[in-house]
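Undergrad: Letter by letter, the chains look like this.
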Amino acid sequence: MYGEQPLFGLLNRIGGAPVADHRPWPRYRVTREGWLSLIEEMEGSAWSLLGLWGEPKEVFVALREDMSGDIAVVSLECPQGRFPSLSAVRPSANRLERAAHDLYGLTAERTTDPRPWLDHDAWGVRRPLSDRPGAPSPNPGPYTFLPVEGEGLHQIPVGPVHAGIIEPGHFRFTANGETVVRLEERLGYVHRGIEGLMRGKPVAEAARLAARISGDSTVAHSLAFARAVEAAVDLRVPPRAVWLRALMAELERVANHLGDIGAICNDAAFAFMLAEMSQLREAVLRAADLCFGHRLMMDRVVPGGVAADLPERGPALLLDLCAELRRRFPPLVTIYDGKASLQDRTVGTGIVSTGLVNRFGASGPVGRASGRGLDARRNPGYAPYDDLEFEVPVLTECDVNARVWIRIREVEQSIALIEQIARRMPGLPRGLDGTTPLPLVPLEAGQGGAGTREGLSLVESFRGDILTWVRVEADGTIGRCHPRDPSWFQWPLLEAAIEGNIVADFPLCNKSFNCSYAGHDL
Amino acid sequence: MFKHILKSLTGGPVTEAGPSPSDPALAELAGKLEKAAKARLGRSLSIREVDAGSCNGCELEIHALNNPIYDLERFGIRFVASPRHADVLLVTGPVARNMREALVRSWDATPDPKWVVACGDCAVSGGLFRDGYACVGPVNEVLPVDLHIPGCPPRPADLLAALLALLETSAAR
Ligand code: SF4
Numbered sequence: 001m002y003g004e005q006p007l008f009g010l011l012n013r014i015g016g017a018p019v020a021d022h023r024p025w026p027r028y029r030v031t032r033e034g035w036l037s038l039i040e041e042m043e044g045s046a047w048s049l050l051g052l053w054g055e056p057k058e059v060f061v062a063l064r065e066d067m068s069g070d071i072a073v074v075s076l077e078c079p080q081g082r083f084p085s086l087s088a089v090r091p092s093a094n095r096l097e098r099a100a101h102d103l104y105g106l107t108a109e110r111t112t113d114p115r116p117w118l119d120h121d122a123w124g125v126r127r128p129l130s131d132r133p134g135a136p137s138p139n140p141g142p143y144t145f146l147p148v149e150g151e152g153l154h155q156i157p158v159g160p161v162h163a164g165i166i167e168p169g170h171f172r173f174t175a176n177g178e179t180v181v182r183l184e185e186r187l188g189y190v191h192r193g194i195e196g197l198m199r200g201k202p203v204a205e206a207a208r209l210a211a212r213i214s215g216d217s218t219v220a221h222s223l224a225f226a227r228a229v230e231a232a233v234d235l236r237v238p239p240r241a242v243w244l245r246a247l248m249a250e251l252e253r254v255a256n257h258l259g260d261i262g263a264i265c266n267d268a269a270f271a272f273m274l275a276e277m278s279q280l281r282e283a284v285l286r287a288a289d290l291c292f293g294h295r296l297m298m299d300r301v302v303p304g305g306v307a308a309d310l311p312e313r314g315p316a317l318l319l320d321l322c323a324e325l326r327r328r329f330p331p332l333v334t335i336y337d338g339k340a341s342l343q344d345r346t347v348g349t350g351i352v353s354t355g356l357v358n359r360f361g362a363s364g365p366v367g368r369a370s371g372r373g374l375d376a377r378r379n380p381g382y383a384p385y386d387d388l389e390f391e392v393p394v395l396t397e398c399d400v401n402a403r404v405w406i407r408i409r410e411v412e413q414s415i416a417l418i419e420q421i422a423r424r425m426p427g428l429p430r431g432l433d434g435t436t437p438l439p440l441v442p443l444e445a446g447q448g449g450a451g452t453r454e455g456l457s458l459v460e461s462f463r464g465d466i467l468t469w470v471r472v473e474a475d476g477t478i479g480r481c482h483p484r485d486p487s488w489f490q491w492p493l494l495e496a497a498i499e500g501n502i503v504a505d506f507p508l509c510n511k512s513f514n515c516s517y518a519g520h521d522l
Numbered sequence: 001m002f003k004h005i006l007k008s009l010t011g012g013p014v015t016e017a018g019p020s021p022s023d024p025a026l027a028e029l030a031g032k033l034e035k036a037a038k039a040r041l042g043r044s045l046s047i048r049e050v051d052a053g054s055c056n057g058c059e060l061e062i063h064a065l066n067n068p069i070y071d072l073e074r075f076g077i078r079f080v081a082s083p084r085h086a087d088v089l090l091v092t093g094p095v096a097r098n099m100r101e102a103l104v105r106s107w108d109a110t111p112d113p114k115w116v117v118a119c120g121d122c123a124v125s126g127g128l129f130r131d132g133y134a135c136v137g138p139v140n141e142v143l144p145v146d147l148h149i150p151g152c153p154p155r156p157a158d159l160l161a162a163l164l165a166l167l168e169t170s171a172a173r
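Chains as they are written, first to last, in the numbering used here: chain A, 1 to 522; chain U, 1 to 173.
Hints in this document: simulated from the structure, not taken from any laboratory. You may find that some hints are simply not true.
Unchecked claim - Under the rule of at most 27 Å between Cα atoms (straight-line distance), these lysine-lysine pairs were calculated in the DSS-like manner:
1. 201(A) <-> 57(A)
2. 3(U) <-> 339(A)
3. 7(U) <-> 339(A)
Construct the complete structure from the given sequences, taking the supplied hints into account.
TA: This is the structure we're talking about:
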């Protein structure tokens, strides 16, 4: 049922007015009637919801027609602070709408779930980013979890502080004996107000905030932010910077996947694999440190280019790293594959159906292990990946094991990508005396138009696609930035994955997702 | 797999020699512990990590301490699952207001004598997040902090050096 109604055709037909200086994909502003027809059309179409965010007087939604790759942003002005909810036709919109309500005071009409989400009554203010922030509620009640009825059910509340060294969040399990009947998540504990802090900041300062949205994807979030800004101001970055960015992104992907594979096995009581994988991860981080001066490569991708270039011996060092990984990784994969006791835990555990990942538009290993084979590096695609050879692995087993295998295959692909990049990197490396200038172009004021300019980007992190939307004001500051982490569309699926599994398998399922709390809570 | 293990057994440890306890950390602690409880901890420390609004970068490096290369446990320092078992709260993040209560409760649940370590620029100063409605700022605005480890995130070697300093000073009593 894909594409029976082309996205752009519909947007023109419902009277959407294209907004100037929105790049690289168009933004249409629609009337309330147009918005309602859009909801009606979404019911019968398979367009993916890529994001939904608010401003004090307007709500935005980004959509993609998966087959053609067409992307568009649709917005509706809501002077009264109300808009018709998308949650009935796209359940993935619900938490985003609740966030827009908590931050901007926008009310989603006829929503499937009106409870607060990020606002825990602890900020001392309500609707902090709206035009008229409100006084805190005088006597905040407890958060109401969804009611559960049935014989022999008991509840297990977990968190926000968990047993391991992990981020905080609350999980409310309802179990029947050992079996989980329902999991309900409550998130928002690490909300730091990033969207508010970005407002009015010069681009360079906002970029430092973007780098700290989710530390494990600092490169990917920085890249998404940089690409959105560059799209807005119509800036071309030097080819060498484009390749260095991809190099950092692939190093980040390998490091995280190695860590995840080890951690998943560890949660199946196979600590050996964690010990081995964490050594490989350490090797990657040390190489990143030697090449870019930071183990996680934080603040190295910046709007306009990169803030660090490879040293002269960088390519050789990276090829050595790849050789080491090629030597040490495959035997470990063989061990994973051959351990019946391990497979017993991961095969058939934590199943998420293909229908569900499509409905929620889940990306990354969670989507690809359940048959949703999209990868932002290919669709919509961005440089230099069109110039590089790699495959996007897809599986249809939908379980923890499949999510492990997607990561294994992606480690292999990324190693090959790092080798290609190290061999073919255009431009001159930084000399020992530091004379070669950095591949970085300065952002001039007024570039790409005199007024406000808007940009959108879609970037593949190790976790899935990151959507970042920015508005750059005439004076070069950030008017609004909305970074949507892939976790938004994966967290809800974890609730589905654990259903019918035993409580003891939750850590395993959770690790196989490895959603970001910080990236989601912002 | 057994071949692999055999190789590991005969190949010698991959663990690197530990750093010496960091000097600035020792200096900071020397003053603090004069006043602190004088219980001997027998050269072992149990740490409860609390993420109070971190970006998770700090957690990644704290995790690295447990890998065979840094191998924190050889020094008698280990991470525990509950604050009730802990001597030290290792706090990251700019204390998101949504986490403030959970942080204070974790501290209340930690038995005396206890130490609080602020890990990372966010926990030390509030980092980029100190202004705004959502964060309190530095951890010491909420709890008494005994040791600050700057860095964004601190490198594992720096974390190790600082924690060793804490171990030395607390064991010297
Ligand atoms: S100090 Fe840096 S790495 Fe640590 S939580 Fe803060 S931003 Fe993240």
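Undergrad: Against the 27 Å threshold, does the CA-CA distance of residue 3(U) and residue 339(A) hold or violate the hint?
TA: holds, 14 Å
Undergrad: Does the structure keep residue 7(U) and residue 339(A) at a Cα separation of 27 Å or less?
TA: Given that 27 Å is the threshold and the Cα spacing comes to 19 Å, the pair holds.
Undergrad: Below or equal to 27 Å on CA atoms is what counts here, so check residue 201(A) against residue 57(A).
TA: holds, 21 Å
Figure legend: structure checked against the earlier numbered hints; every hint is met.
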